[in-house]
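The hints should help you fit chain R onto chain S, whose structure is shown.
2 protein chains.
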Amino acid sequence: MLLKRLLVGLPLKTKQAVHERLPKRLALAVFASDPLSSVAYATEEILLVLVLAGSAVVFWSVPVSLTIILLLTILTISYRQIIYEYPEGGGAYTVAKSNLGQLPGLTAAAALMIDYVLTVAVSVAAGVAALTSAAPALFPHRVALGLLAIVMIVVINLRGVRESGRIFATPTYLFVGTILLMVGVGLVQILTGQSFRAEPRQVPAVESLTLFLLLRAFSSGCTALTGVETISNGVTAFKRPESKNAGMTMAGMAAILGTMFLGISVLAYHFGILPREDETVVSQIARAIFGEGPLYYLVQVTTMLILILAANSAFAGFPRLASILARDSYMPHQMALLGDRLVFSNGVIILGLFSCALIVLFHGNTHALIPLYAVGVFLSFTLSQAGMVRRWMTKRGRHWRKKLVVNGMGAVATGLATLIIATTKFVHGAWIVVVLLPLLILWFRSIHAHYIAVAEQVALERDHRPPLPRRNTVVVPISGVNRAVIRAVDYARGRSADVRAVLVDVDPEETARIQIQWAQWGCGVDLVVLPSPYRSVVGSLLDYIEELLEKDHNGWVTVVIPEILPARWWQNILHNQRALILKAALLFKDRVILTDVPFHLER
Amino acid sequence: MLLKRLLVGLPLKTKQAVHERLPKRLALAVFASDPLSSVAYATEEILLVLVLAGSAVVFWSVPVSLTIILLLTILTISYRQIIYEYPEGGGAYTVAKSNLGQLPGLTAAAALMIDYVLTVAVSVAAGVAALTSAAPALFPHRVALGLLAIVMIVVINLRGVRESGRIFATPTYLFVGTILLMVGVGLVQILTGQSFRAEPRQVPAVESLTLFLLLRAFSSGCTALTGVETISNGVTAFKRPESKNAGMTMAGMAAILGTMFLGISVLAYHFGILPREDETVVSQIARAIFGEGPLYYLVQVTTMLILILAANSAFAGFPRLASILARDSYMPHQMALLGDRLVFSNGVIILGLFSCALIVLFHGNTHALIPLYAVGVFLSFTLSQAGMVRRWMTKRGRHWRKKLVVNGMGAVATGLATLIIATTKFVHGAWIVVVLLPLLILWFRSIHAHYIAVAEQVALERDHRPPLPRRNTVVVPISGVNRAVIRAVDYARGRSADVRAVLVDVDPEETARIQIQWAQWGCGVDLVVLPSPYRSVVGSLLDYIEELLEKDHNGWVTVVIPEILPARWWQNILHNQRALILKAALLFKDRVILTDVPFHLER
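Protein chains in written order, with the numbering used here: chain S, 1 to 603; chain R, 1 to 603.
Everything labelled a hint here was simulated from the structure, so no lab data went into it.
Predicted model only: the values in this text are computed from it and were never measured.
One should not assume that every hint holds.
Said to hold, decoys possible - DSS-like cross-link-like pairs, simulated, lysine-lysine; straight-line CA separation at most 25 Å:
#1 S:Lys583 x S:Lys551
#2 R:Lys583 x S:Lys583
#3 R:Lys239 x R:Lys395
#4 S:Lys583 x R:Lys589
Said to hold, decoys possible - Listing some non-contacts, in silico: residues in chain S with all C-beta distances to chain R over 12 Å:
#5 Leu70
#6 Leu174
#7 Thr192
#8 Phe196
#9 Leu337
#10 Val502
#11 Leu527
Backbone N, C-alpha and C define an ideal beta-carbon position, used for all residues, glycine too.
Just chain S, with the same shape it has in the complex (with noise of 0.2 Å):
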């Protein structure tokens, strides 16, 4: 308890919870971490593929970049419409539901919720690499180091979401401004002329420059658009007026991205830099232009900070997500309750646990989790803009036509993209998803089935009368005469005029001198002694309860157990074995009903 409230602090008050908001500049930290730290692996997995073709064709880097910084545009302006439509917040889930239906909703949050944990995975696996470039000494430890970040962002999370805008702000402001200085530095030494255009090393082909090959290279790239809808989920944080907020916030963070993406695609090319197994692409670049100084550090440890941070997107948009969902009876209930720091903790600590489990699994690698991002990422995308197209058909309104070819170039764009990615990346990985999609949504089914069973069964019926008394018997097994049992009897005789205490007779001197015993101290309750030829004496008790409950079809059977505490817990397997298993057995039977009596020991 006390190691808790150091870590996550003290409890908040529920009427706090509107000062948890964010002014634009922290909501920017937090929200826009995950796309923009993405230009620090982007880049580089554009050139992957590409070098396939031979370190010829790495000009095709470039253009493959225009067209996906294209596509943000196009991404941008369409979900600044969504923003403004959905101010409470209009995640892929929330306007695929309303416009297209429950399983269009569905296979959005199934595809979210995937992607969120990639999210944090490749983000903290990309960071690492980032550090292990300038300390390769580390390279070892990639897996521990991840899990340790991890670790690190859930307790911070456990804080709060306020808190963690500010411890979020420095780092995420430090990344632009680094990536923006050495992009400016690079143009200003191209422009100057004290750079010159560099030749890579010669890598020979192993594929030809197909248009599929074209294509997977943008399937690679457009990671670096994942995390662009965060800020269309989380409006409720930001501060009033939330949509106009939330849409400047938007658009700022794309002008961000697409000016540092386009920026590493070009002086990658200029500087001929191929990907390297022991050093990331922009460690290369940075090496470059800044040397080994102070600034080469600068980017490395800043572009690190950013990436393990970006994972924090997914930690403000996963447990809001999973609270909505569980609202709408599709995920447990207890993902909608708030903890003490006014944060939904289950699906904190959910997140944290399922993201462990794949830096684990793909041993920190993040070209091996990449092919598994992005599909997720890009079916939400285009499930919400068809949402949103649909809306405007049927809703209409001011200006409707221009917002629907908005939203409708928005649906193709990412609809093609979609389609591009789960099919050039199929083999590679992308398959795991197109698995889990549809297993996922049926979990999310079944769950809202049982719901709405039992609501249907607990539901009180108009014409329901508040029921007449009943009947009640009270059963008290005892094996002995002790204080224990005495005082569970004496509990007992004041519940019910109906009490028995009942033996089971296993050794018959032994039922004989509890008889004797009982006539002393047995409060005037009667005592029941069954038979037990097996001396199966949980058997005899349920055979007794059965015929009771068989007597009267309307009344209760209380079953009064007098359970010993020992004050220690090992102490435990030298007692209750016999409660234990009687009390499993009775726990499926109607209206029985357990009462467990405590004596405390106190040694």
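Positioned in the frame of chain S, the structure of chain R alone reads:
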């Protein structure tokens, strides 16, 4: 359940217990398979030590064997006196405790328990070795084979002791017959001059022949005597007159054992046989006498069977000892419960688990287990003989001087043997037993101390009067209005005049809605609304209950929990999370009574 019945058989009535007595013929098979079977490895273990001083000195195995047979004779005579003196079963624990006191008794008990586990492990490992001598292809699977054998024996023993006797009689007598035949044929071959003394292959000495080495050989050979005492533990399992039958069985067993052991040692010397890694000594003798014919395979098969089944002696002895210890409160009481088939099932299962663990830890290797063996047995021999000496000194009676001399000789002989074994085998593994013994004794004593403390705490005083009726406040925590809640309130209002439904106010709108519903459905029970600024439902409830307890320092507080029981187990994660936390927190409060009112879902 069906599987259990198929494996174990139908339950037996308590009255059938007296019929589970064994005639001498069957008792020999059940109790003597352990000592008899040890001739299969005792000679080999002697030779394994002697050969360290070179093949020239292996003739010492015969005098060493003769010394062990002398020890056997002393032991048999002195144990017969115990059988007559303790017809109710004179295990080392009983004899040592009643004559020497608690600590020697517990020492004997701990030594025996360790030894029972080792008997199972050593016998099974040696049995598997007999099998793999004849069928070397099975050698890599020896651990799996050992585990399989133990599982088989556990199942047989859970069926009950008389049926075990039947199953074990045939192999035991076949083994005795085959070995005696082998020894007889071998002697005839020698006497009729058909076979000549063979020199063993040359093995260089790595140690010199010292007294210490001879004593080590003697220690190894003493494993032949393990299990000799089992009969004295199980006198009550014999047909009447128990003592006479048990005494005769013991004498018969000793005679057979001595003959076989000496015969094997002499033949091994005559044929110049030395231990080999891949073939047992008995297998080599049988091959020399019978060739590769069917009689050779009969020796191997019966050896394997008797060894695998020898483990059964321990399965008769361990649960009996554990039940006696449990009745004296030195072991958990459930060890004294007779199962369905009149067997102490818990003891059987625990012995099975521990011996499986040994087989796995020691890779099913007999030679690795042997040094741990015999220390415990001889320690318990010594303690019971010393106990008898003390008994004759205090009790006296007819011929007490003669009896004292007999047991005195036994005590001195076994005490010397214990010292020799512990010293010569210490570094080879006996230290494990020396460490384990005091730990076990401590464990026994802490259990005993706990049961005594409990008995004192629950004891009723002579002047104790039945308690006066106390006030009872019933609290029903609710979070909504539904059938499950109404059911719980309906149950509660019949139990006490003072019933309150308690609602924690997490969401004011929801609270207002519930209050309106309560007016209609509440059965007239008061609804208490608790404020909860920090949204901690369980915390607020606990505070409220604490308050009630403080208001009336003598009264009960009954917490009636409406519990929704799902139709399928996995649905439990969707329900009752708070109820579970609440129950765990309330379990440790005095005067708080937990009552579950179940509401069973049907789908």
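Checklist entry - Holds or violated: is the Cβ of S:Leu70 farther than 12 Å from all Cβ atoms of chain R? => result holds (46 Å)
Checklist entry - Taking the closest pair, is the beta carbon of S:Leu174 still more than 12 Å from chain R? => result holds (36 Å)
Checklist entry - Is the Cβ of S:Leu527 farther than 12 Å from every Cβ of chain R? => result holds (14 Å)
Checklist entry - Any Cβ of chain R at or closer than 12 Å to S:Phe196, or is the non-interface label fine? => result holds (64 Å)
Item to check | Agreement of R:Lys239 and R:Lys395 with the hint, judged by alpha carbon distance not exceeding 25 Å | outcome: Given that 25 Å is the threshold and the Cα spacing comes to 28 Å, the pair is violated.
Item to check | Given pair status - R:Lys589, S:Lys583, alpha carbons within 25 Å | outcome: Status holds; Cα separation ~20 Å.
Checklist entry - Straight-line Cα separation of R:Lys583 and S:Lys583 no greater than 25 Å? => result holds (15 Å)
Checklist entry - Are all beta-carbon distances from S:Leu337 to chain R longer than 12 Å? => result Violated: least Cβ distance 8 Å, not greater than 12 Å.
Checklist entry - Can we confirm that no CB of chain R comes within 12 Å of the CB of S:Thr192? => result holds (61 Å)
Checklist entry - Does the structure keep S:Lys583 and S:Lys551 at a Cα separation of 25 Å or less? => result Within the cut-off at roughly 22 Å; holds.
Checklist entry - Is the Cβ of S:Val502 farther than 12 Å from every Cβ of chain R? => result Holds: least Cβ distance 18 Å, greater than 12 Å.
Violated hints, in rising order: 3, 9; the structure is consistent with all others.
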